Amino acid sequence: MGPIIVVVEMQSDAMSPASAELLSRARQLARAQSTRVVALGFGEAARGALGSSGADDAFLAAGADAYVPTQAEAALRQVLQETAAGLVLLPNTTMGMDLGAATAAAEGRPMVAYATSLAAVEGGAFKATSQVYGGKLVAEVAVPEGSVVTVLPGSWPADEAVSGTTPVRDLVVAGESPMELVRTIEPDTGDVDITRADVLVSVGRGIQDPDNLELADELAEALGAVVSCSRPVVDAGWLPRARQVGKSGQTVKPKLYLALGISGAPEHLQGMKDSEIIVAINSDPTAPIFEVAHYGATCDILELMPILTERLGGAD
Amino acid sequence: MRIAVLVKDVPDLVEELELDESGRGLAVDDLSYVPSEWDDQALEEALLLKEASGAHVSAVALDTGDVDNMLYTALAKGADRAVKLVGDYDRTLPGRQRARILADYLAGAGYDLVMTGVQAVDDLDGQIAGLLGGMLGWPHASVVRDVAVDSGAVRFVQEYAGGRMAEFRSSTPLVLGVQAAKKPPRYVPIARIRQVSRSAALEEVEAGGSPSESLAAIERLYRPEAQGHATMWDGDAEQVAAALVALLDEQHLRS
Ligand SMILES: Cc1cc2nc3c(=O)[nH]c(=O)nc-3n(C[C@H](O)[C@H](O)[C@H](O)COP(=O)(O)OP(=O)(O)OC[C@H]3O[C@@H](n4cnc5c(N)ncnc54)[C@H](O)[C@@H]3O)c2cc1C
Ligand SMILES: Nc1ncnc2c1ncn2[C@@H]1O[C@H](COP(=O)(O)O)[C@@H](O)[C@H]1O
Chain A
1 MGPIIVVVEM
11 QSDAMSPASA
21 ELLSRARQLA
31 RAQSTRVVAL
41 GFGEAARGAL
51 GSSGADDAFL
61 AAGADAYVPT
71 QAEAALRQVL
81 QETAAGLVLL
91 PNTTMGMDLG
101 AATAAAEGRP
111 MVAYATSLAA
121 VEGGAFKATS
131 QVYGGKLVAE
141 VAVPEGSVVT
151 VLPGSWPADE
161 AVSGTTPVRD
171 LVVAGESPME
181 LVRTIEPDTG
191 DVDITRADVL
201 VSVGRGIQDP
211 DNLELADELA
221 EALGAVVSCS
231 RPVVDAGWLP
241 RARQVGKSGQ
251 TVKPKLYLAL
261 GISGAPEHLQ
271 GMKDSEIIVA
281 INSDPTAPIF
291 EVAHYGATCD
301 ILELMPILTE
311 RLGGAD
Chain B
317 MRIAVLVKDV
327 PDLVEELELD
337 ESGRGLAVDD
347 LSYVPSEWDD
357 QALEEALLLK
367 EASGAHVSAV
377 ALDTGDVDNM
387 LYTALAKGAD
397 RAVKLVGDYD
407 RTLPGRQRAR
417 ILADYLAGAG
427 YDLVMTGVQA
437 VDDLDGQIAG
447 LLGGMLGWPH
457 ASVVRDVAVD
467 SGAVRFVQEY
477 AGGRMAEFRS
487 STPLVLGVQA
497 AKKPPRYVPI
507 ARIRQVSRSA
517 ALEEVEAGGS
527 PSESLAAIER
537 LYRPEAQGHA
547 TMWDGDAEQV
557 AAALVALLDE
567 QHLRS
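Same order as they appear, the protein sequences are chains A and B. If you read the first sequence in the working numbering, its first letter stands for residue 1, the second for the next number, and so on. If you read the second sequence in the working numbering, its first letter stands for residue 317, the second for the next number, and so on.
The shape of chain A in the complex, shown without the other chains (with noise of 0.2 Å):
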């Protein structure tokens, strides 16, 4: 079988911790398949990156440091053309978003998306399980040789230890790129920094109303807590993007994630499922968040938030 290319993505100078749990899945998976691995990063920045990566061979596309979407699909696709590819492993992230699926159709090879198990199976080909309809049902997937397989961060750990220097080749790659990057945006650090907070009372959808957020910030004082939310609750303007738990927002690791309405899709998780004990309530008893938290109840979070927060002698 041809390489396993891993698609590595750089965070703040770093390997992102996706790309390194990665690589370590397509060093055990190549081993089971007698191949080798191959890591292909975009800009400068991640030469370093890639020459400790762990493959037996890198690819460094020249170009931009941020990640510009047709210049590093033009990257991949070139790398799969010359390598004669056996899988490629992108982290589902927006970067697996776009290459992934962009690069599978104009390649015609098949695509397996939201992955969080990956194996090797007899005769070249590899299985896969798929988080899907908002992480309520697992799918088995039968991997063909030559796919292309985005797999959710966190999905497996990284080996902690890498040894060896990995060549690292530029690539240069031809052809104007109709998309130019005309400015990256920091982090909008708002007023609390939800990272740091022991407890987090965090609230989805199933807040139902802005008018209902007072009920959360009470609980929130009576605890001593910090309230965060959920995608949709800053998609409606309710609170600021600052407080956003998850894949686009802040990954947080709190003492005790109180989860009231969020069903717990897997890009909701993706920020919260470290947390030391989480509790959630949740009315759908076949809600996702139930598979992640340590306590739960189906109770409505609109009658449980004011008892709660009497209870420990807050506002009445």
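If you are wondering where the hints come from, they were derived from the structure by calculation, not from laboratory data. There could be a bad hint or two in this list.
Each pair of labels, with its calculated beta carbon distance range [said to hold, decoys possible]:
id	chain 1	residue 1	chain 2	residue 2	range
1	A	S52	B	D382	50 to 60 Å
2	A	T184	B	E566	22 to 32 Å
3	B	D396	A	S34	35 to 45 Å
4	B	G394	A	S52	31 to 41 Å
5	B	A517	A	E303	39 to 49 Å
6	B	S487	A	D170	21 to 31 Å
7	A	D191	B	L563	22 to 32 Å
Facing chain A, according to a computed beta carbon distance under 8 Å, are these residues of chain B, among others [claimed, not checked]:
id	residue
8	S458
9	S467
10	R471
11	Q474
12	Y476
13	G479
14	R485
15	V561
16	Q567
17	R570
Computed list of chain B residues with no C-beta within reach of chain A, every gap over 10 Å [to be verified]:
id	residue
18	Q357
19	E367
20	T380
21	V402
22	A415
23	I417
24	V437
25	E483
26	A516
27	E519
28	G524
Just so you know, these numbers come straight off a predicted model, no measurement behind them. Ideal placement from N, C-alpha and C gives every residue a C-beta, glycine not left out.
Fit chain B with the ligands to the supplied structure of chain A, relying on the hints for placement.
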């Protein structure tokens, strides 16, 4: 700027997801469907562009089931045109094949900008925005917000983890997977949608059959095995509150 907004409906996750007899798919006829929430965001962003710079907006759906109401809703919200791609297919059509049918239509339909929802809850075989970009050979980006027309080109912001973002400028034609609109999607009363469905017509376009695409096959679809399932507290809100307070005390988490 001619904009196509692609819309589809998906199983309502609030309802129980029944599996079919094969154990490889959903019992599609027994489910209830809702418009994919990210399509509402894409449509809203397109309508805001129309209001800001006079774009022409078409809502486009593949007729895999009951899509008329979705299209009438788009018209009622302010879309200029609604296109239904008709052919011999149903809800079980995999995303990859849907993408091919959509790409074949879009290739010759003269749009400058194609906007889709960033993802849908059922797209195991990749997100449509990327698939279309790859099939059409057009520039594309997903997880996008703040789309603006800028002298014939399009500017947009792409979101990454941790709240980081980047702004890009791209020539057209272009495909964007929209994460969120500048404002929450507008609401139209049902009476208005009914009225539109009586006065406006959907444009039906004959699309191709089910194309052959290389696919990864689902061998089994199942509910997550409850390995790490939460310890559930039964009872009413009072009892749950008591259990929670006891936990806080035990963990010394009361301030
Ligand atoms: C690229 C990308 C990035 C994303 N990034 C993020 C992210 O960073 N963070 C994030 O959260 N999401 C993110 N999402 C969105 C994610 O897919 C989900 O849509 C979102 O997490 C759902 O939020 P929710 O659980 O609050 O809402 P829902 O899924 O609508 O769940 C609401 C829940 O509340 C329950 N409920 C309703 N009323 C009550 C009540 N009275 N009492 C108790 N329970 C009640 C319901 O049973 C339901 O389970 C992202 C999506 C994409 C595509
Ligand atoms: N059958 C379809 N008809 C119209 N639009 C679609 C269709 N399938 C996907 N889309 C668009 O692509 C988005 C992402 O869906 P997907 O990635 O296929 O799950 C949808 O939310 C729609 O905007």
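Verification of the supplied hints:
no.: 1; hint: A/S52 x B/D382: 50 to 60 Å; in the structure: 54 Å, holds
no.: 2; hint: A/T184 x B/E566: 22 to 32 Å; in the structure: 45 Å, violated
no.: 3; hint: B/D396 x A/S34: 35 to 45 Å; in the structure: 57 Å, violated
no.: 4; hint: B/G394 x A/S52: 31 to 41 Å; in the structure: 53 Å, violated
no.: 5; hint: B/A517 x A/E303: 39 to 49 Å; in the structure: 48 Å, holds
no.: 6; hint: B/S487 x A/D170: 21 to 31 Å; in the structure: 27 Å, holds
no.: 7; hint: A/D191 x B/L563: 22 to 32 Å; in the structure: 29 Å, holds
no.: 8; hint: S458; in the structure: 4 Å, holds
no.: 9; hint: S467; in the structure: 14 Å, violated
no.: 10; hint: R471; in the structure: 7 Å, holds
no.: 11; hint: Q474; in the structure: 6 Å, holds
no.: 12; hint: Y476; in the structure: 5 Å, holds
no.: 13; hint: G479; in the structure: 3 Å, holds
no.: 14; hint: R485; in the structure: 5 Å, holds
no.: 15; hint: V561; in the structure: 5 Å, holds
no.: 16; hint: Q567; in the structure: 7 Å, holds
no.: 17; hint: R570; in the structure: 7 Å, holds
no.: 18; hint: Q357; in the structure: 8 Å, violated
no.: 19; hint: E367; in the structure: 18 Å, holds
no.: 20; hint: T380; in the structure: 17 Å, holds
no.: 21; hint: V402; in the structure: 23 Å, holds
no.: 22; hint: A415; in the structure: 7 Å, violated
no.: 23; hint: I417; in the structure: 13 Å, holds
no.: 24; hint: V437; in the structure: 5 Å, violated
no.: 25; hint: E483; in the structure: 4 Å, violated
no.: 26; hint: A516; in the structure: 29 Å, holds
no.: 27; hint: E519; in the structure: 26 Å, holds
no.: 28; hint: G524; in the structure: 16 Å, holds
Hints 2, 3, 4, 9, 18, 22, 24 and 25 from the earlier list are contradicted by this structure; the remaining hints agree with it.
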